Structures are given as C-alpha cells and as structure tokens.
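Start from chain A and add chain B according to the hints.
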Amino acid sequence: MSEPLLEIEDLVVGYRQGRKGVVQAVDGVSLAVAAGAMVALVGESGCGKTTTAQAAMRMAPIASGRIRYRGADITALGSRALRPIRRELQLIFQDPYESLDPRFRVRDTVLEPLQIHGIADDREGRMRRALERAGLTPPELYLDRYPHELSGGQRQRVSIAAALALEPTMLLADEPVSMLDVSVRAGILGLLDDLRRDGLGVLMITHDLSTAARYADRICVMYLGRIVEEGPTAEVIGDPRHPYTQALLSVVPRPDPDDAGEPRILRGETPNPADVPTGCRFHPRCPVAQDRCRTDDPVLAPAGAAGHRAACPYA
Amino acid sequence: MSPQELAEAIIPATADTRRRPPVWRFLKGHPQAAIGAAILIVFALIAILGPWIAPYGPREQVGPIFGTPSNPHPLGLDDAGIDILSLLIHGARITLIVGFTGALVAVLVGGTIGIISGYFGGRLDNLLMRVTDYFLVLPDLVLLIVVASIWGRSLRNIIIIIGLVYWTFMARLIRSQVKVVRERAYVKRAQALGASHLRIILRHVLPQVLPLILAQTVLMVALAIFLETAISFLGLGDPNAPSWGRMIENGFDRSAISYGAWWAIVPPGLAVAIVIMAFNMLGTAAEDALNPRLKVSHLLRRHFRMRPLPDKDAAR
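Read top to bottom, the protein sequences are chains A and B.
Numbering (the working numbering) for the first sequence: -4 to 310.
Numbering (the working numbering) for the second sequence: 78 to 393.
Source of the hints: derived by calculation from the structure; they are not laboratory data.
Note that this is a predicted model, so its numbers are computed, not measured.
Among the hints, erroneous ones may be present.
Using C-beta positions, here's what the derived DEER-type ranges look like [unchecked claim]:
{"#": "1", "chain 1": "A", "residue 1": "Asp270", "chain 2": "B", "residue 2": "Val257", "range": "26 to 32 Å"}
{"#": "2", "chain 1": "A", "residue 1": "Met54", "chain 2": "B", "residue 2": "Leu218", "range": "45 to 51 Å"}
{"#": "3", "chain 1": "A", "residue 1": "Pro266", "chain 2": "B", "residue 2": "Thr189", "range": "42 to 48 Å"}
{"#": "4", "chain 1": "B", "residue 1": "Pro99", "chain 2": "A", "residue 2": "Val179", "range": "31 to 37 Å"}
{"#": "5", "chain 1": "A", "residue 1": "Asp5", "chain 2": "B", "residue 2": "Val100", "range": "54 to 60 Å"}
{"#": "6", "chain 1": "A", "residue 1": "Ala269", "chain 2": "B", "residue 2": "Thr189", "range": "36 to 42 Å"}
{"#": "7", "chain 1": "B", "residue 1": "Leu126", "chain 2": "A", "residue 2": "Ser146", "range": "52 to 58 Å"}
{"#": "8", "chain 1": "B", "residue 1": "Ile112", "chain 2": "A", "residue 2": "Asp117", "range": "51 to 57 Å"}
{"#": "9", "chain 1": "B", "residue 1": "Val257", "chain 2": "A", "residue 2": "Gly130", "range": "19 to 25 Å"}
{"#": "10", "chain 1": "B", "residue 1": "His274", "chain 2": "A", "residue 2": "Asp5", "range": "30 to 36 Å"}
{"#": "11", "chain 1": "A", "residue 1": "Ser146", "chain 2": "B", "residue 2": "Pro99", "range": "43 to 49 Å"}
Note that CB positions come from ideal geometry on N, CA and C, so glycine has one too.
Next up, chain A with everything else stripped away, as it sits in the complex (with noise of 0.2 Å):
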C-alpha cells in the first residue's frame, strides 16, 4: 500500500453534556486511507462514525489524537490554513435533500466550491467536468435545475459533482445512500468505486455491511466510538473475529437458502455513549462474554491473517 493520504490517530471526540459529564462520541479511533483505496467505516446508528469523519474534516471539537493528510498534521491548523486542506478533502453528505440549498440551481452549487477557493480560470469547464464525472451527462441538462425538479439518485450526483469540482484526492461519504432507494444506489456506489480507481482515496461510512463487503478493501467495524475489527474486506467478511462482527454478519440476508445460517440477534440496545459499561463495551450484549471481559478493557489485537485486527480476546 503507499503512503496513506489521511491518517487518523487515536482520535477522542467528546461532547460536554449538561454540567456533568462529557460523551466521549469516538474514543481512542486510529485508521488510514491510502491513495486509489476504499475504506469502509461500519457500525450501528450512534456508533461515532459521522462524528469520526467529521473530526477528519476539522469540524468537530477533537479532545485528543491526530489528524494528518498526506504526512502533514492538521489537528490545529487555524481555519486560514486549512483552507488548501479543504481543497483537497470533500465530504458528501448523507442526505442528498437537505444538502443541497433549495435556492441554488445545480450550476450555482458545483461553481460555489469554485467561487469560495477563488478558482477564477476556467470555471465552467471546471464544472462541467465535474458533471460529467458524476454521471450527469450531458451537464446542459442539468445546469438550470433547482434541486426540488431532480431525483434523490441525480441530488447525490450533484452533491458529488460539487465535491469533484475542486479536483480533491480524498472524498469522505457520510451514508451517500442511506437515504436513496435501492434502485439507485448501486449506481451512486459504483460512481464512487470509479472515482476511487481513478486514484482518489475513499472513507465510506455506512452502516450496511454488504455494501462494505461489496466495495470497501479494507472494512473497520466500530462499536461505541471504538473500533472493534478491522481488516482486509475478504478477512472480515470471510473470517470474522469480534462476536459483534459476527453478529453483524449472521443477519445479512444471503443468496442461498441452504447456508442461510443461524441469525444472531444481539440482547439489549447499545448502551449510552454517556455511560459506557466497564471492561469491554461490548461485554453486555456479547454471546460469549466472560467474567474477564466486565473488568479487562481488550485492545485491538492481530487476529486471523495479516492486517487483521479485533479488539477481543477470544478472537
């Protein structure tokens, strides 16, 4: 793999909560993307992923840990310095009908990014480039929409084209699907594939781990604002270690009724991010919990083959 484009290292996020305490939102989250690669963030509603990736675009409050891009740390970097920084990682939303201004016509939201880094030449080449990339082909039929007279599926490409305008190496897609029906989203999701064979590097969160599994190339499974396992996609997907891994695997459907499998349904709700349990988080919902696992706090360790990790001792 070459040298990872955005690295984040130990990340803490945490949020004050009335006068008392502080949500410790992600806790301790280290991954990498490299160039041209596809990481997959997954994991339960409330898990930490948006607030990870909102931390990687310096618009969470980071208690602790490290953000680099390409090498260079941008943990404290003020806003004016950020600015290239910004250039060059985009991030698209997960829902296409709210990031989108009602008043912009399409033309005004993919020359906004232009407009605000003062990219003064060839603008509308510039844009519609980015269309097209995106799918929008040809871009004149597009322009003079307004967002209300587009499909979800054609929302996302634009919301898209506006982060490609500015030529980025790193996209970050908070759940660019979630809120599309079916039919598009396979679409939406081999547009990012392309983009990240033409060399961008890709952090998709999501919460679907067959998407991950069908795209991703390598897959972190987080927990409670920690990463559980993670690994190569075949390895997780193929091998999984961590019980809540597992967990999540047993309830994808699968094509064949004969291996469809004992679906694991875990007890309880996931637990307040305001009151983590003791010990290892996952200790109150995992099947195979022992008396260790209420006190000891396990840490990712290697697991299976090369490159995977799960943050369980009996992995």
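Same frame as chain A, but now just chain B:
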C-alpha cells in the same frame, strides 16, 4: 436534437408558475392582501402627490374656527380655520415616512443582531439576547417619553424611538429562524468547503430568512405608524410636522370635543386606522405565505423525501 431540447423533452420544465412574478401570484391567492395593497397604493399616491392635490396649504387659514364640513371644505376646518382635508393629505406624507423609516431602523438593527446572534450562537448569542431582553422589558411608553423629553421633539428622534422599541421583536424572530437554517446540511457543506461566515450568511442564510423579514417589515410599519400616532397624541411629536397623530392631539388640546367639532378628530383617526389595517392585511397574508413556522413551506424536505426502503436495517 440540441442538449437544451433534450433537456426540455426529458425533464418537463415545472417553470410555468415560476415565470409569472411571484408577487402577482401571491396577491391573486390572498384577496385580503390585494385589498390591503390597493389601499396602501392609494395612500402612498396621496402622500407622494400631497402638495399638488391638497386644495390648501397646511398652515393656511381659509375660514372660521371649527367651521363645519361644507362644500369647499368637505371635512370642515380646525381650531385655526385650516382645511382638515388638506391637513390630512399633508399629514399622510409625514405619517408614512415616519412609519417606513421607523420600521426600517427596527428591521435593520433587529435583523442584524438576530442574524449575528442566531448564526454564531454561544456566548455572543447569550450576550446579545440579554441586551435584547433588557430592551424588551423596558416599558415602551416610559422609554419614549423619557427619550423624547431628553432629546427633544423632532421627527428624527421619533424614528429613533420607534427603532429602539421594535428592534427586539425582529431580533428574536430572526434569531430563532437563523438557528434553524444554520443547522441545515447545506450550511454545513459550505462550512466544510471552507466558506467564510460572511459568505454563508449572505448566500445561504439571508436568502432563507429574507421572506420572513419582508413580511415582518410590513407588519412593523403598521406598528410604527401606531406608535408615531401615540407619541404625537401625547404631545411629544414634532411641532413642525402635521402628522395625523398631531392632528388628533391638536383637536383634543383645543377642546374640539366640547365644541362638538368631531371632524377635527375623526378623519385623522380613521385614516390611521385604515392604513394600519391595510398594512396588517398585507403583512399577515405575507407572513402566512412566507413564515415557515406558520405554514409548511414547499421548500421543506418533508415534501419531497422518499421513504428509505426497510432493507437498510439488514445489517443491524
């Protein structure tokens, strides 16, 4: 087929409603707004053309004291023998100018503070809102009596007082709306792109709250005219500007009532009432149409949102 034709063929333009001016559509859909607007246009014309259409000057004695309404003076004469109709026409200009500029001051001050407070939030918001609260609890009448007696009686001071009294409403309203808009994903997206605060406010936030500001401005003018009339009636108005409020005050002061000269008081009173009513009719209709709190705007995403299919729960 050119790409443009192709576009028209594939996505039929929904533009038929867009090409007609939205103001026209609005008036057509809200008859009360149309009536209010018509009344206001008449009064605005009277105010603009006042000096040319008034039969007599505002200080010109043309008959006996409290002369009754009759042929050359349909609304009678006041205590100095001045034609009431002429006074009314000259007063329209002053009353409307004070109303508009007073409302404008309130909207500019209140809108700016509301946007800053709502957009930046945090401590600044807290500070600005405490200042707003302070002005909000000051009794209007006491404030204006004190200010008018300290600064003196002039139109400019009345305008400042109106601004001082009403900017708080505007600030609170705009702040709450800006707080909603600020959380929209497209504002977050602009932030992620590195857009400056000024740019986000001007390009994304302001256009979203502008309709609300416009509707409120219209209502604010009605309030400003009302306050101007009240100030003048209390004898704190500009002695050199014969506004409608001054006419009423003058009538009272010179015992028009004991003379039985109702025509010195009723016409300016009616004029104030009609103008305020017209502004209110226009303003409330505009607010209905434009305030997202009162009516679910067609721009809200709920209107378009498709339900995600339940398969996304599969991985849970």
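Here is how each hint holds up against the structure:
no., hint, verdict
1, A:Asp270 - B:Val257: 26 to 32 Å, "holds, 31 Å"
2, A:Met54 - B:Leu218: 45 to 51 Å, "holds, 48 Å"
3, A:Pro266 - B:Thr189: 42 to 48 Å, "holds, 45 Å"
4, B:Pro99 - A:Val179: 31 to 37 Å, "holds, 32 Å"
5, A:Asp5 - B:Val100: 54 to 60 Å, "holds, 58 Å"
6, A:Ala269 - B:Thr189: 36 to 42 Å, "holds, 38 Å"
7, B:Leu126 - A:Ser146: 52 to 58 Å, "holds, 54 Å"
8, B:Ile112 - A:Asp117: 51 to 57 Å, "holds, 53 Å"
9, B:Val257 - A:Gly130: 19 to 25 Å, "violated, 33 Å"
10, B:His274 - A:Asp5: 30 to 36 Å, "holds, 31 Å"
11, A:Ser146 - B:Pro99: 43 to 49 Å, "violated, 25 Å"
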